[in-house]
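Chemist: From first to last, the protein sequence lines stand for chains A and B.
Residue numbering for the first sequence is 1 to 77, as defined by our numbering.
Residue numbering for the second sequence is 1001 to 1290, as defined by our numbering.
Keep in mind that a hint or two might mislead.
Said to hold, decoys possible - Where chain A lies over chain B, by a calculated footprint (3+ residues, C-beta under 8 Å):
1. 1026 to 1040
2. 1071 to 1084
3. 1216 to 1225
4. 1228 to 1239
As the list claims (entries may be wrong) - Over 10 Å on every C-beta distance to chain B, these chain A residues come out as not near it, computed from the model:
5. 2
6. 9
7. 13
8. 23
9. 27
10. 31
11. 46
12. 50
13. 52
14. 56
To be verified - Label-pair restraints from in silico Cβ distances:
15. B:1270 <-> A:27: 43 to 51 Å
16. A:13 <-> B:1251: 30 to 38 Å
17. A:3 <-> B:1202: 32 to 40 Å
18. A:13 <-> B:1265: 41 to 49 Å
19. B:1159 <-> A:55: 32 to 40 Å
20. B:1135 <-> A:3: 23 to 31 Å
21. A:23 <-> B:1214: 51 to 59 Å
22. B:1220 <-> A:3: 50 to 58 Å
23. B:1159 <-> A:43: 51 to 59 Å
24. B:1176 <-> A:46: 25 to 33 Å
25. B:1176 <-> A:23: 18 to 26 Å
Bear in mind the hints are in silico, worked out from the structure with no lab data behind them.
Ideal placement from N, C-alpha and C gives every residue a C-beta, glycine not left out.
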Amino acid sequence: MLDTIDMLEAIGSDASLRYASTVELTTVLEQAKASDALTAAAITGDASHLAQEFGSRRMYDPQATQSFFSADQTPFS
Amino acid sequence: MLLSQNFAYYHKMNTPLVAPPKDTRQGSLAVVGMGMTLGSHLTPLSRSHIEQADVIFAGLSDNIVEQWLQRMNADVRSLQPYYKEGKSRRKTYEEWVDLMMTEVRAGKRVCGVFYGHPGIFAWSPHKVIEVARAEGFQAHMEPGISAEDCLYADLGIDPGTVGCQHFEAGQILFYERRIDPSGYLVLWQVGLVGDRSLARFTTSGAYRQVLVDVLSKDYPLDHEIILYRAVTLPIQKPRIRRIALRDLPFVDVPTEETVILPPAATLKPNHEIRERLAALDKLEKEASVA
């Protein structure tokens, strides 16, 4: 049986699922017995529902600043 | 053995091909991109690097994508804990290089996995490859699908039509840059524009007002700009907002969002060069007749 990450991978890699309508995708997920969190996320397009299942953890955007390494090495130190 | 001989050898064997044995004493480094969207963008080659590595270092922006990565290799070490509010990102990036090199020097096959493309807006991946090669280790980068790639697809922009400049937004403030308003302008990391401490992860609307003031030299304040965020999970839709340039200080701009300024001027013909090219055409035509 597929879990949520398996299902997300399947949706992401299948042309029909990736661009299915919300109704179509919800039907597929219900048939596959997807978790409530994933179904809610798919219906709303809001990934925050998945925090119920995976917890919420602050993720920084890696490599957010480059300018200080470009023209001069230590402009602000 | 020549490459062509290698292929002949593999053809004889019938597929599947068997990779040559690795020198297990020598460390190596591959830095790969995870792409932006879970399940959609990871290339077969990058996945193979991940699966074959002894240790993975992960610089990803999504917790669920990181958990997906953990299914591909038993030893995934997140680089996220090295970030800290108030700590210089420069120090964090240098620590990442040290972490990866420590394992390469220990003879491990190391794979650095970064979201999007590992070499775009990414100091550590380029640096660690430079260090590894300088020490005699095999090291290379595999490209990934970046936020920039997604932007072109989701917004229907072709950078070839009128050209496209990309800047980290801070560079527009810290340095005197020449902006060409007849092409697209893409500004990255607007959410923390103007941060000189390297230790903050967001800046206020007052900093974006400084950016707007600088941009207003080349763009009217009512110019429509686009705020864009690519999809990281395949159940999401891209976030696309269109606002007037003057309103940028007053909307929330998370760090993962990118600001696009469409052209505000038409391309100006360069008559002098066109005449010069026409003269060249004429000369070449005359030479071919004679």
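Chemist: Taking the hints in turn, state whether each one holds.
Modeler: Consistency of the hints with the structure:
For the stretch 1026 to 1040 of chain B, the proposed coverage by chain A is satisfied: 4 residues have a C-beta within less than 8 Å of a C-beta in that chain, meeting the threshold of three. Coverage of the stretch 1071 to 1084 of chain B by chain A holds [criterion: at least 3 residues with CB-CB distance below 8 Å; count 4]. Taking a C-beta to C-beta cut-off of 8 Å, the stretch 1216 to 1225 of chain B contributes 0 residues in contact with chain A, too few for the three needed, and the coverage statement is violated. Counting residues of the stretch 1228 to 1239 of chain B whose CB falls under 8 Å from any CB of chain A gives 6; the rule of at least 3 is met.
Distance check on residue 2 of chain A: its Cβ is at least 12 Å (rounded) from any Cβ of chain B, clearing the 10 Å threshold; non-interface status holds. Separation of residue 9 of chain A from chain B is inadequate, the least Cβ-Cβ distance of about 4 Å not exceeding the 10 Å criterion. For residue 13 of chain A, the non-interface assignment is contradicted: its Cβ lies about 4 Å from the closest Cβ of chain B, within the 10 Å cut-off. Non-interface status of residue 23 of chain A relative to chain B is upheld: no Cβ of that chain comes within 10 Å, the nearest being about 14 Å off.
No beta-carbon of chain B comes within 10 Å of the beta-carbon of residue 27 of chain A; the shortest separation is about 14 Å. With a least CB separation of 16 Å from chain B, residue 31 of chain A remains clear of the 10 Å interface cut-off, as annotated. A cut-off of 10 Å between C-beta atoms contradicts the statement that residue 46 of chain A is not in contact with chain B; the least separation is 8 Å. For residue 50 of chain A, the condition that its CB be more than 10 Å from all CB atoms of chain B is violated, with the nearest at approximately 6 Å.
At roughly 12 Å, the least C-beta separation between residue 52 of chain A and chain B is larger than 10 Å, which holds for a residue marked as non-interface. With a cut of 10 Å on Cβ distances, residue 56 of chain A falls inside the contact zone with chain B, its closest approach being about 8 Å. Distance hint check for residue 1270 of chain B and residue 27 of chain A: the Cβ-Cβ separation is about 58 Å, which falls outside the suggested range of 43 to 51 Å. A hinted range of 30 to 38 Å holds for the C-beta pair residue 13 of chain A and residue 1251 of chain B, which are about 34 Å apart.
At about 34 Å, the CB distance of residue 3 of chain A to residue 1202 of chain B agrees with the hint of 32 to 40 Å. Between residue 13 of chain A and residue 1265 of chain B the beta carbons are some 42 Å apart, a value that agrees with the proposed interval 41 to 49 Å. A hinted range of 32 to 40 Å for the beta carbons of residue 1159 of chain B and residue 55 of chain A is consistent with their spacing of about 39 Å. Checked against the hint of 23 to 31 Å, the C-beta distance between residue 1135 of chain B and residue 3 of chain A comes to roughly 41 Å, which is inconsistent with it.
Between residue 23 of chain A and residue 1214 of chain B the CB atoms are about 46 Å apart, so this pair departs from the stated range of 51 to 59 Å. The beta-carbon spacing between residue 1220 of chain B and residue 3 of chain A, approximately 52 Å, falls within the hinted interval of 50 to 58 Å. In this structure, residue 1159 of chain B and residue 43 of chain A break the distance hint of 51 to 59 Å, their C-beta atoms being roughly 35 Å apart. Between residue 1176 of chain B and residue 46 of chain A the Cβ separation comes to about 42 Å, which falls outside the hinted range of 25 to 33 Å.
In this structure the hint that residue 1176 of chain B and residue 23 of chain A lie 18 to 26 Å apart at CB is violated, the actual value being about 53 Å.
Violated hints, listed in ascending order, are 3, 6, 7, 11, 12, 14, 15, 20, 21, 23, 24, 25; each of the other numbered hints is respected by the structure.
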